[in-house]
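Engineer: Chains as they are written, first to last, in this note's numbering: chain A, 1 to 286; chain B, 1 to 234.
Derived by calculation from the structure, the hints in this document are not laboratory data. No experiment lies behind these values; they were computed from the predicted model shown. Don't be surprised by glycine CBs; every beta carbon is placed ideally from N, CA and C. Take these hints with a grain of salt, some might be off.
To be verified - Here are some chain A residues pointing at chain B (derived, C-beta under 7 Å): (1) Gly89; (2) Glu91; (3) Pro123; (4) Leu164; (5) Gly165; (6) Leu167; (7) Arg169; (8) Asp173; (9) Met177; (10) Ile183; (11) Asn184; (12) Ala219; (13) Glu220.
These are the residues of each chain, in order.
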Amino acid sequence: MNSLNAFQLLNGLTFAALLFIVASGFTLIFGLLRIVNLAHGALYLLGGYAGYAAASASGNFFLGILAAMAVVAATGLVLDQGLLRFVRGYELRQVLLTLGVAFILNDMTLVIFGGDTYTVPAPEFLRGAVRFAGMFYPKYRLFVLALGILIFIALWLLLNKTRLGALIRAGVDDPEMIEAMGINIRRIFLLTFMLGAALAGLGGAVGGAFLTLYPSADAEILVFSLAVVIIGGRGSLVGAAVGALIVGLLNTVGQVMFPEFAYFVIFGPMAAILAFRPLGLFGKAA
Amino acid sequence: MLEVEDIHSYYGDAHVLHGATLNVGKSEVVALLGRNGMGKTTLIRSIMGLSPPNVRQGAVRWKGESLLGVAPHLIARGGIALVPQGRRLFPSLTVTEHLTVLKPASATHGWTVAKAFEFFPRLGERRHHRGNQLSGGERQMLAVARALMIDPELILMDEPSEGLAPVMVQHLEGIIAELKRASLSILLVEQNLYSALAVADRVYILETGRVVHEAPAAEIARQPETLTRFLGVH
């Protein structure tokens, strides 16, 4: 059994930051719309490919990120207005529908990009390593960590300091009451769905530069996001952050210390939380 | 202003309202009385366009226009506000946010946050508290203040006195009287008969989904036998 060093700990933290970006979108959609969006992983991968294509074509990584968010937000718009609104309120149908969409999106990206592995080209200034605390650490991964923290702050401000954020929180609490108070809840639903999708797209573009993009990457990130949201509690931003930290670190601990049980280290606690605290650490009853 | 005509509402296949009819005029306080399970809340939900229930027959008209099939948020924008049973505040919003979420703090027309806090000073003192940190009376005040923020002409109040201490019920009666003076109409669903009679102009009695009696409040107060017959109270 190996013990953990600072390098691996940082790997866990940076992976947690990526997980947070993806899972925050997942938890927003889950919390407000009560939709377990199984296409969230596919949206992540789509964002990755869109980011790859745009960044390669323009030579600008940040344009790639913007393109990924825009493409995936637009896909979210079509998904919500074109399909999901017909099954609103039917949880099982929603889940199956998003699962179907995940398969379709996957096949479409397979047709376009094939089965090869792609890496979103990171900008020059984020390549290489920095030296600190007696070790060399990849700059790009530190950038992901900073971005995760930045997204947390931005989402926190959005949810807690703006009127739209208060509407989203009220909608998570009691969508029927917010509708009875004269607010078009469907518009709030749609905006939230697009925001959640855009976060998946952002995660895809950012993650695609260090985890690489390949046809089953969507399922992997989806399962991790599910674990994050189940542990943290649906609809809770702080829960998503704490859940991402737990899953990111457990993932590293598992891989380093118990490689044979790497998945058990994450999904064992998840199963226990589902059984004994089904609302998660920060979840609230619907 | 509000006319409900012979409506039949269903929860799935369960037929809950069997042709209820009532109306509410301008700056009139109308009480809807009835025991538990007689369809009072179903009637309120039917007016507000909330589903379930489904209204399969009859008419609901507001200033002459049909409300059936209209989305709840449009009904609210048309001037009908709801103070629901159990208050249903938003646990994650502060007192102030309950109001600003419906109307920006910068608004100057109609009911504003400042005006609401003037009307309910207690809420002003607790503006930073969250909905679930308030006492029962404060919660009810906030539910009324929230409804006022959409500048309604009619407020549907579903059992506002439920769970309140007698002194708070009296306070609530004062508020209803004051809103009436401000020419608001109120449809008041109550189990608390004496509270309803204290503020209402007219009373309807609902029994198993039908309006079985209608009379001015003063008349009902003089006829204890009506109360015994319909409501089983003495």
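Engineer: Taking the hints in turn, state whether each one holds.
Structural biologist: Hints and how they fare:
1. Gly89: Violated: closest Cβ of chain B sits about 10 Å from Gly89 of chain A, beyond 7 Å.
2. Glu91: At 16 Å from the nearest chain B Cβ, Glu91 of chain A fails the 7 Å test, so the hint is violated.
3. Pro123: violated, 39 Å
4. Leu164: violated, 10 Å
5. Gly165: Since the shortest Cβ distance to chain B is 9 Å, the answer is violated.
6. Leu167: Holds, about 6 Å.
7. Arg169: Result: holds, 5 Å to nearest chain B Cβ.
8. Asp173: holds, 4 Å
9. Met177: holds, 5 Å
10. Ile183: holds, 6 Å
11. Asn184: holds, 5 Å
12. Ala219: violated, 33 Å
13. Glu220: violated, 32 Å
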